[in-house]
Amino acid sequence: MAGMTGFSREVARRIFAEELKSSNYSFRDGEDQHQYAPSYLLTPTGAKCNRVFLVGTLIEKDDIGGDTEYWRGRVVDPTGSILIYAGQYQPEAAQILAGLETPCFVAVVGKPNLYQTDDGNIIISLRAESISQANESTRNQWILDTARRTLERLSDLSQVRVPPPGEDFTTADSMPAEASSSAAMDAERAMQHYHVDIEHFRQMTIRALSALKSDLSGGAFAEEARPVNAAPVWPEAEPAGKEDSPASSRKGGNKKAASPGWPASDDVEEIETINIKKKS
Amino acid sequence: MKEMVDQIRVRLRDQKIDVSNEDIESRLKKLIVDFRVPEGEARRSVLNYFLKEHGIMPVARASSEKVKIEDIKEAGRWVDLEIKVLDLWEPASGSISQTGLVGDGTGSLKFVKWTKSELPDLELGKSYILRRVVTDEFQGRFSVKLNKTSQIEPLETDVEARSAGRASAEPVRVVEINEPGRWVDLEVKVAQLWETNSESISQSGLVGDETGTIKFVKWAKAELPNLEEGKSYRLSNLVTDEFQGRFSVKLNKTSQIQPLDCDIAIGSVASEFSGALVDLQKGSGLIKRCPVCKRSLAKGVCTEHGKVEGTYDLRIKAVLDDGRRVQDVLINRETTERLVDITLEQAKQMAMEALDHEVVRSMIEGKMMGRYYTVTGPRVDRYLLVESINEMPAVSAAQVEDLLTSLEVA
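Heads up: the protein sequence lines correspond to chains A and B, in order.
Here the first sequence stands for residues 1 to 280, where the numbers follow my numbering.
Here the second sequence stands for residues 281 to 690, where the numbers follow my numbering.
It is possible that some hints are incorrect.
[Claimed, not checked] Each computed EDC-like pair below joins lysine to aspartate or glutamate, with the alpha-carbon atoms no more than 16 Å apart:
id: 1; chain 1: B; residue 1: K562; chain 2: A; residue 2: E136
id: 2; chain 1: B; residue 1: K647; chain 2: A; residue 2: E92
id: 3; chain 1: B; residue 1: K579; chain 2: B; residue 2: D636
id: 4; chain 1: B; residue 1: K495; chain 2: B; residue 2: D521
id: 5; chain 1: B; residue 1: K332; chain 2: B; residue 2: D303
id: 6; chain 1: B; residue 1: K533; chain 2: B; residue 2: E638
id: 7; chain 1: A; residue 1: K213; chain 2: B; residue 2: D682
id: 8; chain 1: A; residue 1: K213; chain 2: A; residue 2: E136
id: 9; chain 1: B; residue 1: K597; chain 2: B; residue 2: E638
id: 10; chain 1: A; residue 1: K213; chain 2: B; residue 2: D521
id: 11; chain 1: B; residue 1: K562; chain 2: A; residue 2: E92
id: 12; chain 1: B; residue 1: K647; chain 2: A; residue 2: E136
id: 13; chain 1: A; residue 1: K213; chain 2: B; residue 2: E681
[To be verified] Far from chain A, by Cβ distances over 10 Å, these chain B residues were calculated:
id: 14; residue: K282
id: 15; residue: E403
id: 16; residue: T437
id: 17; residue: V464
id: 18; residue: W474
id: 19; residue: T491
id: 20; residue: F527
id: 21; residue: S528
id: 22; residue: L540
id: 23; residue: D636
id: 24; residue: S642
id: 25; residue: Y652
id: 26; residue: T656
Since the hints were made in silico from the structure, they are not lab data.
The C-beta atom is built at its ideal place from N, Cα and C for all residues, glycine as well.
Chain A with its partners taken away, still in its complex shape:
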């Protein structure tokens, strides 16, 4: 029922960067979809998010603004990275981001934003409502928290029954928008749009947890190594700092270093954008 009314606060969803980045479906909610209706990003596992809470490592920050400051940061979690933005309309967040020294742990509350480039690529970023420096303990709690929420969504997804083809007229009146619970409804919608490979996201979650596990058992070494190793994940560290569209500069960027802190990073080639033509 949330989202139907403007005055209830939207829950901040927990989504790993890899999943967030592979989202390409956003919509406005409500009957008439007017311009003030809240907008949502639906992620592949069916998180319908108007707000996201993310804790990770800030590895880059740049002022990409012209006359006024406009800050961009890149935050990584065990599965990938996401861009965050803060400008004149988020003065507190912008001020904090400006003052942070990379690398450091950050907690970000932000609104997901979907941007489509001229060549059809989709870039997901977060417009930060708040940014604060975090510690490792909070970062670990977030990974566990996000793994749990992700698994809940995967479980909802596995309940979705894909209707057999050719039977649509019998179900036309009980439209999908009227499924019995909102989580089930979001799962159904995600399944229809993304044709989700549940196993893929289960593996992603396992990778995130395995990374956390090795961090926790690695003790002092991991403790020391992570901030240092976080940087080589993005060796090309944004030379053209003023460039607004990260798509062009990132495309095909691959990771050279497989750091022990982020074991996930060596098994996939990092592709920053998703081509929607492939998706639909």
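Based on the hints, put chain B in the right spot on chain A.
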């Protein structure tokens, strides 16, 4: 399978349609074997499929059957019901034209009439036969949906429905109310009465018992006597409702009010919430309160007592979020002082030096934002009044191991 094929063929032949057994069988198999569709559903679907192929709308033959409410045990069935309208609720969405409670001799359930159905409105207390409504289920509770293919026919005779509703009401404590659509009896004291903003509501406010308080709404149509603030009552046959995670009870025509001689003490049971602190709201930090009513002042003005000389206080208004729900929390001065390691005097000093109260809030924000906390305390309306607050313990390798194991097994 053979039997089902024959049944479908016979039904098709009634409509002068000839389809080969093979065609029917292959379609049935696809549904039942490949897509695990239950047999009944598959048969109906295949029949409708061929009818549609031959240009016959299946509506006229939609196989809804007349049932009693207690017979409704699965979602997605098409049924006819003879019912009485027991209650009408405010629809939460424009896509719903009417919602409420209907009952027959065997029970009651929620109904939803979609706006798109363009069906006439049901009247409270009247009896109807609802044709071709579809059953639905949410968390083990059933409801019926009225859509475009449904029909509503008024009944001359009165459907007996009251008894069932009353029989299922159970005496509960306020704290036990945790789901909508339940019939309950409460023994409570009226804590507050509010201005009503709708003609359909005769009274609303807060009632409470030893375990907590809950909002109540008494419908004008219920034609019940008025409740008085501070008095204790036994309220029977109320129905629970939920809006954005907060519960309320509604008094309708079938409800009863009985004054009690004893005085019920309103108390509260501590509840607990764990989550990340995602917002530190305006009005946190160093604030001024009205010396008369203790309300916080906005620009030196009390909403009740006008411009007053305020007294300083320190508090935190924040939002915790566990990724599924949000919880507003209020933290008083003592706890705030301990939590962020600052006294009221120091906070005043800080604000004075910066010539800005906001610095205190920013300082608290820097210390708390984004961290995971567990809080306990009584819930009052949308706030949890924090009695204890602790940072959540660090994640242990064992916790991660446990989750990983369960994942790899699944």
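Going through the hints against the structure:
no.	hint	result
1	K562/B / E136/A	violated (28 Å)
2	K647/B / E92/A	holds (15 Å)
3	K579/B / D636/B	holds (13 Å)
4	K495/B / D521/B	holds (10 Å)
5	K332/B / D303/B	holds (15 Å)
6	K533/B / E638/B	violated (52 Å)
7	K213/A / D682/B	holds (11 Å)
8	K213/A / E136/A	holds (13 Å)
9	K597/B / E638/B	holds (14 Å)
10	K213/A / D521/B	violated (43 Å)
11	K562/B / E92/A	holds (13 Å)
12	K647/B / E136/A	holds (15 Å)
13	K213/A / E681/B	holds (7 Å)
14	K282	holds (21 Å)
15	E403	holds (24 Å)
16	T437	holds (29 Å)
17	V464	holds (21 Å)
18	W474	holds (17 Å)
19	T491	holds (25 Å)
20	F527	holds (13 Å)
21	S528	holds (14 Å)
22	L540	holds (35 Å)
23	D636	holds (14 Å)
24	S642	violated (8 Å)
25	Y652	violated (5 Å)
26	T656	holds (19 Å)
Checked against the numbered hints given earlier, the structure breaks hints 1, 6, 10, 24, 25 and satisfies all the rest.
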